[in-house]
Amino acid sequence: MSIIIDNDTKLVVSGLTGREGSFHGLRNKAYGTQLVAGVTPGKGGQDVEGTPIYDTIKESVEEAGANTSMIFVPAKFAAAAINEAIDSGVDTVIAITEGIPVMDMLPTYWKAKEKGVRLIGPNCPGVLSPGKANVGIIPAQFFDQGRIGVVSKSGTLTYQIGNELKQAGEGNSTIVGIGGDPIIGSDFIDILTLFDADPDTDLIVMVGEIGGDAEERAAEFIAAEISKPVVAYIAGFTAPPGKQMGHAGAIISGSSGTAKAKQEALEAKGVRVGESPTEAAQIAVETLRAL
Amino acid sequence: MDLLEYQGKELFARHGLPVPKGVHASTVDAAVAASETLGYPVAVKAQVLIGGRGKAGGIKIAKDGTEAHEYAGEIIGMDIVGPHGEGPFKVHELWVEAGSEIESEFYASVILDRSAKKLMVMLSRMGGMDVEAIAASDPEALVKQHVDPLAGLGETEAKEIVAQAKIPEEAAGQVASVLVKLVEVAQAEDATLIEVNPLIVNADGEVVLLDAKVTIDGNALFRHPELEELPEGADQDPQEAMAKERGLTYVSLDGNIGILGNGAGLCMSTLDVVAQAGGRPANFLDAGGGSKAEAIIDALEVITSNPEVTAILFNIFGGITRCDEVARGIIEATNKIGLELPLVVRLDGTNSEEGLALLAEAGLDNLHHEATMLGAAKKVVELAGN
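Residue numbers (our numbering), protein chains in the order written: chain C, 1 to 291; chain P, 1 to 386.
Here chain C stands alone, though its shape is the one from the complex (with noise of 0.2 Å):
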């Protein structure tokens, strides 16, 4: 098993007639992962590279069995793409887009909610089960198969860390970058909780920056509801408050958000975090091999 996607996921992609969509949607489609549709309004009939483009997410549910969607709008326009896939009948949004209003994803982070359709981003790299399917723009290449199961808010940083795994000869379940947008529609405790229930999952590995209390309310829930050993890094230590480091949420308020009060809320709840990139994928691979 794996989390989120696997081989009988179902992709389409909003989007797949664009530059972008295209080369990931592609890409995704040659890593294995099963591209049945894509959906661009007023192209339906089309076909990207064999793919049928289809007018609404509805008729790719529908027409081609679409099960998971992947949304690579243009911000401007991406809430209303994910609040089409909610209604859809797909299990899984997963959107890509950076820098979608805060205003917009409050009312469809709600409506996912209500519709119990899964929301993974936005403003995040997607989700990739080594060996059975890739979503998002994840390179596959510094993956491998493996029982460590990765959470991140930010992209590279998980490449950084994937890599290190593999290096250490280790390798990932699923990998899920949740986004660094201050709404996302799953947290830390969304995916926790999936991993924790995964029988292919041991281990997991949590990567968080500065900005909210997310990963302050992930150490309160480890500690009371998950039974597998997880490994932090929270990235940020360095950076002034009150400026953004680059994603929309990486900011500290004030005196909330700092990456110290979130290392030592996960510590005080018994998480081991690293002190680098290097030194989390050495505790993890460490603890992997103790268990």
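Watch out, some of these pointers could steer you wrong.
Unchecked claim - In the DSS-like style, the derived pairs of lysine-lysine whose C-alpha atoms are separated by at most 27 Å in a straight line are:
hint, chain 1, residue 1, chain 2, residue 2
1, C, Lys132, C, Lys166
2, P, Lys379, C, Lys166
3, C, Lys243, P, Lys336
4, P, Lys55, P, Lys244
5, P, Lys181, C, Lys76
6, C, Lys111, P, Lys117
7, P, Lys60, P, Lys213
8, P, Lys90, P, Lys117
9, P, Lys117, C, Lys269
10, P, Lys118, P, Lys244
11, C, Lys132, C, Lys29
12, P, Lys118, C, Lys260
13, C, Lys260, P, Lys117
14, C, Lys269, C, Lys228
15, P, Lys379, C, Lys260
16, C, Lys243, P, Lys159
17, C, Lys115, P, Lys117
It should be emphasised that the hints constitute simulated quantities derived from the structure, not laboratory data.
Given chain C's structure and the hints, the job is docking chain P onto it.
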């Protein structure tokens, strides 16, 4: 994007919220002229993006033209340091506003609660002091209420919040209307924070918004062209201004090691490992997917325009970004700008071997390659000196 007080008040006024009459001024003469027009007393207020202006001497009440002249002269050019040591922020602009007779002061705000994924309204009858101080001195005096993301805040709910906060009856109706409208402003203007402190009742029994702290979601500026064109409120750092012009994600820090990474997370992590190795990062610069030579030239020009920088670290983990393209960019940029500072490069990921071969072939004297992120951090600290 943070708005200055006067920009926030203009926003409030556009939505029909009661704010005092005022005029924006950037010279002493303009401030005096504004005071004469408004009639005395006037409040002469420093326009800087930091709290605690009053305590720092950045807000003065002038009773006549002599005082208006004196205070405007004092405040323009003043350096204001925030309550937590932020800044200093130099005062370039003033807001001169008609004086208000304050009968009582409240606190009102609407903020984005990231944990709850909802807007939250806060109201207190103890205004004029820091919200943390209110919460610390009397937690029950600060009423917090989440807003239904689909329905917004209704008049009835607003009245309940007002009753719970024990706002005096004669002001209750007006304060409730202000709360309803503030939530509407947050939603309509994409504000993730609106703080009004104080929200006052004046001598005529009118509720007036006497201060404005507003943060607009930068991702939503495409639908607020009038806000996008506002002059930058912060006393902007020259490198940050230059980076913004070139579309780079850059934050100035106070060290001497210039840093470029790809991806926000990896870049933040790079700053951290450099600091752990005993170095002092000069900046955060996320090159993102921008691996092309032009983007790297832009980035290097911004980094090297900071005279403090004595060495530079490039930490690249190529996913979609191809390391050979990054290497070409580094070589072209180094030659074009005649870079002489030591440059430590760590290139890993997609096409890293091709990239490293290109760098070796170029034979740049000031370029040092390191295989790992930690090795690169140590090397750049060693080369940067103190």
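Okay, the hints, checked on the actual structure:
Using a Cα cut-off of 27 Å, the hinted pair Lys132 (chain C) and Lys166 (chain C) holds, with the two alpha carbons roughly 17 Å apart. In summary, the hint linking Lys379 (chain P) to Lys166 (chain C) is supported, as the alpha carbons are separated by about 25 Å, within the 27 Å threshold. The hinted pair formed by Lys243 (chain C) and Lys336 (chain P) fails the criterion: a straight-line CA distance of about 31 Å is larger than 27 Å. Taken as a hint, the Lys55 (chain P) and Lys244 (chain P) pair is broken in the structure, with Cα atoms around 32 Å apart against an allowance of 27 Å.
Restraint check for Lys181 (chain P) and Lys76 (chain C): satisfied, since their Cα atoms lie roughly 25 Å apart, inside the 27 Å limit. Annotation: proposed proximity of Lys111 (chain C) to Lys117 (chain P) holds, straight-line Cα distance about 12 Å (limit 27 Å). About 19 Å separates the Cα atoms of Lys60 (chain P) and Lys213 (chain P), which keeps this hinted pair within 27 Å; it holds. This hinted pair does not check out: Lys90 (chain P) and Lys117 (chain P) have alpha carbons roughly 36 Å apart, beyond 27 Å.
Among the hinted pairs, Lys117 (chain P) with Lys269 (chain C) is consistent with the structure: their alpha-carbon atoms are about 25 Å apart, no more than 27 Å. Between Lys118 (chain P) and Lys244 (chain P), the direct Cα distance comes to roughly 30 Å. Violation of the 27 Å bound is thereby established for this hinted pair. About 11 Å separates the Cα atoms of Lys132 (chain C) and Lys29 (chain C), which keeps this hinted pair within 27 Å; it holds. Distance check on the hinted pair: Lys118 (chain P) and Lys260 (chain C) sit about 26 Å apart at the alpha-carbon level, within 27 Å; holds.
Restraint check for Lys260 (chain C) and Lys117 (chain P): the C-alpha separation of about 24 Å stays at or below 27 Å, so the hint holds. Proposed proximity of Lys269 (chain C) and Lys228 (chain C) is supported: the alpha carbons are some 13 Å apart, at most 27 Å. For the given pair, Lys379 (chain P) sits about 26 Å from Lys260 (chain C) by alpha-carbon distance, which is consistent with the 27 Å threshold. Taken as a hint, the Lys243 (chain C) and Lys159 (chain P) pair is broken in the structure, with Cα atoms around 36 Å apart against an allowance of 27 Å.
Simply put, Lys115 (chain C) and Lys117 (chain P) have alpha-carbon atoms about 16 Å apart, close enough for the 27 Å limit, and the pair holds.
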